[in-house]
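Chains as they are written, first to last, in numbering that gives the first Met the number 0: chain A, 0 to 251; chain B, 0 to 339; chain C, 0 to 275.
Honestly, the hints are just simulated from the structure, not real lab data.
All figures in this text were calculated on a predicted structure; none of them were measured in a lab.
Note that beta-carbon positions come from the ideal geometry of N, C-alpha and C, so glycine has one too.
Please note that a few of the clues may not be correct.
Unchecked claim - Ranges between beta-carbon positions, derived for each pair:
no., chain 1, residue 1, chain 2, residue 2, range
1, C, T132, B, A143, 48 to 54 Å
2, B, A324, C, T132, 53 to 59 Å
3, C, A24, A, G239, 42 to 48 Å
4, B, W96, C, L42, 22 to 28 Å
5, C, S187, A, E166, 47 to 53 Å
6, C, R1, A, A236, 22 to 28 Å
7, C, P55, A, G239, 48 to 54 Å
8, C, S187, A, G239, 32 to 38 Å
9, A, L38, C, P55, 54 to 60 Å
10, C, L260, B, A281, 50 to 56 Å
11, C, L265, A, A183, 49 to 55 Å
12, B, D148, C, G69, 31 to 37 Å
Said to hold, decoys possible - With the C-beta cut set under 10 Å, the calculated list includes, among others, these residues of chain B facing chain A:
no., residue
13, N24
14, Y26
15, Y268
What the hints assert, rightly or not - Some chain B residues flagged as far from chain C (calculated, every beta-carbon gap over 12 Å):
no., residue
16, L60
17, W146
18, P208
19, G229
20, G240
21, A303
22, E335
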Amino acid sequence: MSRCLAWYAAAAYAFLHLPLLVLAVFSFNASRHTVWEGLSLDWYRALASDSRLIESAVNSLVIAAVSTAAATAVGTLCAYAIWKRRAPLLSAGLYLSLLTPEVVMGVSLLAFFQWLFRFFDVRLGMHTVILAHVMFSTAYVVVVVLARLRTMDRALEEAALDLGAGEFGAFWHVTLPALAPAIAAAALVAFAISVDDYVITSLVAGVDSETLPMVVYAMARRGVSPAVNAVSTVIVAGVGVMILAAERLRKP
Amino acid sequence: MRRRSFFLGLAGAAGCTRSSAGRLNVYNWSDYVAPETIPGFEAEFGVRVRYGVYESTEEMLAKVFGGNSGWDVAFPPNSFIHPMLRNGLLARLRHEWLPNLDHLDVEFRHPSWDPQLGWSTPYMWGSTGIVYSRRLPLVPRSWADLWDDRLRGRLTMLDDPAETLGAALKKLGYSINSTVPDQLIEAKRELVRQKRLVRAYVNAEVRDPLVAGDVLAAQAWSITAEQAIGASPDLAFVHPGEGFALYADCAVILRESRRLELAHKFIDYLLRPKVAAAAARAVSTATVNGSARAMLPEALQNNAVLYPPPEVLARGEWFQTMPAAAQRLRDRLWTEIKSS
Amino acid sequence: MRLERFLFLAPARLLLLALFLAPMAIVAAYSLMTRGAYGGQGLPFNVESYHRLLDPLYLRIAARSLWIAGFSTALCLLAGFPLALFIARAGARKSLYLNLVMLPFWTSFLVRTYAWMFLLRDTGLFNTALLATGVIREPLPLLYNDGAVVLGLVYGNLPFAVLPIFAALERMDRALLEAAADLGARPSATLWRVVIPLAKPGIAAAGLLVFIPCFGAYLTPDLLGGGKSMMIGTLVQNQFTTARDWPFGSAISLALMAIVLLVLALVSRRREGVLL
Chain A
0 MSRCLAWYAA AAYAFLHLPL LVLAVFSFNA SRHTVWEGLS LDWYRALASD SRLIESAVNS
60 LVIAAVSTAA ATAVGTLCAY AIWKRRAPLL SAGLYLSLLT PEVVMGVSLL AFFQWLFRFF
120 DVRLGMHTVI LAHVMFSTAY VVVVVLARLR TMDRALEEAA LDLGAGEFGA FWHVTLPALA
180 PAIAAAALVA FAISVDDYVI TSLVAGVDSE TLPMVVYAMA RRGVSPAVNA VSTVIVAGVG
240 VMILAAERLR KP
Chain B
0 MRRRSFFLGL AGAAGCTRSS AGRLNVYNWS DYVAPETIPG FEAEFGVRVR YGVYESTEEM
60 LAKVFGGNSG WDVAFPPNSF IHPMLRNGLL ARLRHEWLPN LDHLDVEFRH PSWDPQLGWS
120 TPYMWGSTGI VYSRRLPLVP RSWADLWDDR LRGRLTMLDD PAETLGAALK KLGYSINSTV
180 PDQLIEAKRE LVRQKRLVRA YVNAEVRDPL VAGDVLAAQA WSITAEQAIG ASPDLAFVHP
240 GEGFALYADC AVILRESRRL ELAHKFIDYL LRPKVAAAAA RAVSTATVNG SARAMLPEAL
300 QNNAVLYPPP EVLARGEWFQ TMPAAAQRLR DRLWTEIKSS
Chain C
0 MRLERFLFLA PARLLLLALF LAPMAIVAAY SLMTRGAYGG QGLPFNVESY HRLLDPLYLR
60 IAARSLWIAG FSTALCLLAG FPLALFIARA GARKSLYLNL VMLPFWTSFL VRTYAWMFLL
120 RDTGLFNTAL LATGVIREPL PLLYNDGAVV LGLVYGNLPF AVLPIFAALE RMDRALLEAA
180 ADLGARPSAT LWRVVIPLAK PGIAAAGLLV FIPCFGAYLT PDLLGGGKSM MIGTLVQNQF
240 TTARDWPFGS AISLALMAIV LLVLALVSRR REGVLL
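Generate coordinates for the entire structure from the input sequences, incorporating the hints supplied.
Set out below in structure tokens:
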């Protein structure tokens, strides 16, 4: 059975990565259209000089970093408290936020912000996008961390308490370190979701807060543009390198 | 809690790095100016322009509806001027700040949607027609030809209820802007009949499949047609005999803008013949600017796709704003067509 | 202890209240209003929008969406389980394999969808290859139909299926598997009788995390389906954009969430709940 599984996994990975390969190949296409016309680095050069693209990429990273940090912190604390003792109302609320389709969440947030702005002289901008991202990421963080917590042995914390640690001490010195991998995983999921979000972001973004998916969406609507392929290939290559590096670092 | 506000503060600082003096925020369709248009304005007037783009009118409307989007200038299509006005979203235009209005083509000086040009100035215009491949066994000349069985699986229609219902209405001999329920229901029936021939409902994205040869006939805008034909000589465009839709994207200043004079200067800048001509050349669409059109190369000036000759143009109909009840019916019919 | 719990829960509670409940309350309010003359919403209050929902047209759309979402979810779970199993048994390379599953997520969802459109076209990779090798004479219509939509949904949500199942499989006590082997069970029997039942919570969580986006999807059906079939997500999107009928769109959104809640209630009957 191991061999069957291995073959299947290979096929599954090929399926997952086939579009990426296509994008990469065509990012080197000299022609604008989807007819192959020779190798060219033109699109990468165009990328480097496209200030709008670079600015939106920076925006995306800032938004993702800030919202991930906030969502992870809020979500971890929340998951821990729920694990200690159920909080049915809060859980129900988080559930609902997971169930809400993106377009509904985006429109509701837009309506809310626009109503709020009647009372304050504020506009849509980076802050509204970040708030929206924290909102939809938190539930995912809670799910991931809580899943890990549920497999954790309470005896560890009880032992710490028996040895004289306070409630918070037990949390800080015993549970949290054990949770570290799960928190990291949750943060990664939140970061990926934030970077890739289009629907909600486009609805609540302001004048100065264009993100990468918004720019890519605009470019892609004009047809499969090789510049878009170049952006995607750069991102995938970058993340791929990071993954390989992390893998190397793990093994001393 | 303190951690969150710290991060929020960081974010706020990241977002507000520039002051609002010497700034203009322009919200336009994507790919609708020449590469040098914005930098030219920035250099001449010593200001920074934040140039945002959108892909659909509704996207733009949703943002500006609240009256605090931050944008100064936007470019809605002509049929949206009236609703935007009624919802208090537009600022009055001061013609003394727009000397270049004289360069507008005579056609567009007193358009039906804004006769005094008190709230908008036309920017670019276009029409809807049929793009087709010469490899087809038939040569489409009318909307009715798009119901031909030989097109099965090779035809696309626009993913726009106003346009697609409009084509069916024209085929039946009615007005594009019909509000008569019986006519609209008849048009819907035609479209449901046509659906099995339709490969997909797509807008500007149909350009690539047309060039690649996947799609052999498409209901398309003149701008898409021009771009497709430029990439593949196999393709041709026709304005259907029964009539067709016309639209014009217009520049407006939003009521919320605090930089009225600068906004006017921008619109005036776009009206300069040289600037308008450069934009028209870069964008492959028709300019409303008569003086600019005269500056275009001969071939482009008389391009039948972008500037149909008068006898053809006479068959065109401008889109109009729909009253609420008619809009409701049209939406419902569109849902029925899409889910049949 | 009380204070600590209160402080731990406070940020999440505040977040939910301000950025979820308040906005949803506004949406609920909108659903009871009437469409303005040119869009937007205003008084009077009425339940007209909900009344409109009872039309067979919309019920058909909901049923169709349930069917496509359900089918896609089932396929996704079927495809994701063996992959999750493989990763769980991988030993040292586990995190590498997991990251490889997540890698496609780092490109824009839209770009990946366009890449699939490019692959599935009549002049795309698959058809060109099949034509060249003489397997088919005419290009297959791989794009702009329900099949393409299901493919797109499965593809886009596969990581969401793999992760929870993997988490459940990883926590599994190996001793149980050894015990089964000791008692003479063949690997396939162990899989069927021991592994899958124990992984059920993970599978249920995966099912939910996949079903929700599938049910409310609109970009994928629109692009890969050629805009030819109306799903409930497209309907909502339409109401908030083209039709500018926010009250009706709000009503559909709330109905959509009610349906998902119903499915959730049917799936999770345990005290602890599937996800939270």
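Hints, verified against the model:
1. C:T132 to B:A143: 48 to 54 Å: 41 Å Cβ-Cβ, so the 48 to 54 Å window is violated.
2. B:A324 to C:T132: 53 to 59 Å: About 57 Å separates the Cβ atoms of A324 (chain B) and T132 (chain C), which means 53 to 59 Å holds.
3. C:A24 to A:G239: 42 to 48 Å: Once the Cβ atoms are compared, 44 Å apart, the range 42 to 48 Å for G239 (chain A) and A24 (chain C) holds.
4. B:W96 to C:L42: 22 to 28 Å: violated (39 Å)
5. C:S187 to A:E166: 47 to 53 Å: The hint (47 to 53 Å, Cβ to Cβ) holds, given that S187 (chain C) and E166 (chain A) are roughly 48 Å apart.
6. C:R1 to A:A236: 22 to 28 Å: Cβ of R1 (chain C) to Cβ of A236 (chain A): about 51 Å, so the range 22 to 28 Å is violated.
7. C:P55 to A:G239: 48 to 54 Å: holds (50 Å)
8. C:S187 to A:G239: 32 to 38 Å: For S187 (chain C) and G239 (chain A) the Cβ distance comes to about 36 Å; the hint holds.
9. A:L38 to C:P55: 54 to 60 Å: holds (56 Å)
10. C:L260 to B:A281: 50 to 56 Å: holds (51 Å)
11. C:L265 to A:A183: 49 to 55 Å: violated (34 Å)
12. B:D148 to C:G69: 31 to 37 Å: holds (35 Å)
13. N24: holds (5 Å)
14. Y26: The hint holds - Y26 (chain B) has a Cβ within 10 Å of chain A, the shortest such distance being about 8 Å.
15. Y268: Not OK, violated: Y268 (chain B) not within 10 Å of chain A, min 20 Å.
16. L60: violated (7 Å)
17. W146: holds (17 Å)
18. P208: violated (7 Å)
19. G229: Since the minimum Cβ distance to chain C is about 19 Å, G229 (chain B) lies beyond 12 Å and the statement holds.
20. G240: Given that every Cβ of chain C is farther than 12 Å from that of G240 (chain B), nearest at about 27 Å, it holds.
21. A303: About 29 Å separates A303 (chain B) from the closest Cβ of chain C, which puts it past 12 Å; holds.
22. E335: Check fails; 6 Å does not lie beyond 12 Å.
Violated hints, listed in ascending order, are 1, 4, 6, 11, 15, 16, 18, 22; each of the other numbered hints is respected by the structure.
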